[in-house]
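Novice: Residue numbers (my numbering), protein chains in the order written: chain A, 1 to 107; chain B, 1001 to 1114.
Simulated from the structure, these hints should not be mistaken for lab results. Where a beta carbon is used, it is the ideal one built from N, C-alpha and C, also for glycine. Treat each hint with caution, since some may be false.
[Stated by the list, open to error] Covered stretches of chain A, as calculated for chain B (at least 3 residues, CB under 8 Å): (1) 36 to 46; (2) 95 to 107.
[Unchecked claim] Calculated lysine-lysine pairs in the DSS-like style (CA-CA distance at most 27 Å, straight line): (3) A:Lys-57 x A:Lys-68; (4) B:Lys-1009 x B:Lys-1044; (5) B:Lys-1044 x A:Lys-68; (6) A:Lys-57 x A:Lys-81; (7) B:Lys-1044 x B:Lys-1057; (8) B:Lys-1009 x B:Lys-1057; (9) B:Lys-1057 x A:Lys-94; (10) B:Lys-1057 x B:Lys-1014; (11) B:Lys-1009 x A:Lys-94; (12) A:Lys-57 x A:Lys-76; (13) B:Lys-1014 x A:Lys-94; (14) A:Lys-68 x A:Lys-94; (15) B:Lys-1014 x B:Lys-1044; (16) B:Lys-1014 x A:Lys-81; (17) A:Lys-57 x A:Lys-94.
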Amino acid sequence: GQNIDQPTEMTATEGAIVQINCTYQTSGFNGLFWYQQHAGEAPTFLSYNVLDGLEEKGRFSSFLSRSKGYSYLLLKELQMKDSASYLCATNDYKLSFGAGTTVTVRA
Amino acid sequence: NAGVTQTPKFRILKIGQSMTLQCTQDMNHNYMYWYRQDPGMGLKLIYYSVGAGITDKGEVPNGYNVSRSTTEDFPLRLELAAPSQTSVYFCASSYGDNSNQPQHFGDGTRLSIL
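Taking the hints into account, I'd like the entire structure generated from these sequences.
Specialist: Written out as structure tokens, the structure is:
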């Protein structure tokens, strides 16, 4: 099975950087996904990591350490539209989702 | 290209009623999934399908049934609605075995059981 932990809430200022941590314990591992979910909307894909290291996509980066069961999502140059819930999900040929981290960006 | 389409968007049911949540995708994806999302909780997998004619239970299948007669459609059936089934239901699809293919989600069905 999967056990995924991520912080419940984070608050940051527009233009700042925020790092959302995700730790997991899994019996099988085939990659880790990050999704963004705005209130009342469907989750949308942000990033995927299967090998250790950093993947960068514009203002968003995601890091994975398989030996530590740890990932983080880094959001740079925060904008108001980045206020959303961010879901960490491990892949064991089925996705298991964490409860999500609600990020609030303040002006 | 509509992606994943769910109907209805909202529904209120009485305890004991039944209904079917519809899901269709036009991306020719083999894999389809049903999740429920309760407030403050992550998405919980109800059922999934790896292709037409094949379905399997997820983490929380009790009280639900599915069928997959075509590649495009994956309806979710509630036979005897209970208050515990009040939730937001998301249907998703992906191209392959999901090893590196992201799931694409529908807009959700908000269901209340009273």
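Novice: A separate judgement is required for each hint: does it hold in the structure or not?
Specialist: Hints and how they fare:
1. 36 to 46: holds (count 5)
2. 95 to 107: Coverage by chain B holds here, the residue count being 6 at a Cβ distance below 8 Å.
3. A:Lys-57 x A:Lys-68: 23 Å, holds
4. B:Lys-1009 x B:Lys-1044: Satisfied, since the Cα-Cα distance of roughly 19 Å is no more than 27 Å.
5. B:Lys-1044 x A:Lys-68: Holds, at about 25 Å.
6. A:Lys-57 x A:Lys-81: Roughly 17 Å separates the two Cα atoms, so the pair holds.
7. B:Lys-1044 x B:Lys-1057: 11 Å, holds
8. B:Lys-1009 x B:Lys-1057: Cα-Cα ~24 Å, so holds.
9. B:Lys-1057 x A:Lys-94: Distance ~11 Å between B:Lys-1057 and A:Lys-94 Cα, so the pair holds.
10. B:Lys-1057 x B:Lys-1014: 25 Å, holds
11. B:Lys-1009 x A:Lys-94: 25 Å, holds
12. A:Lys-57 x A:Lys-76: 11 Å, holds
13. B:Lys-1014 x A:Lys-94: Distance of about 32 Å is beyond 27 Å: violated.
14. A:Lys-68 x A:Lys-94: 21 Å, holds
15. B:Lys-1014 x B:Lys-1044: 23 Å, holds
16. B:Lys-1014 x A:Lys-81: Between B:Lys-1014 and A:Lys-81 the Cα gap is close to 37 Å, so the pair fails against 27 Å, i.e. violated.
17. A:Lys-57 x A:Lys-94: 24 Å, holds
When the structure is compared with the earlier hints, violations turn up for hints 13 and 16 and for no others.
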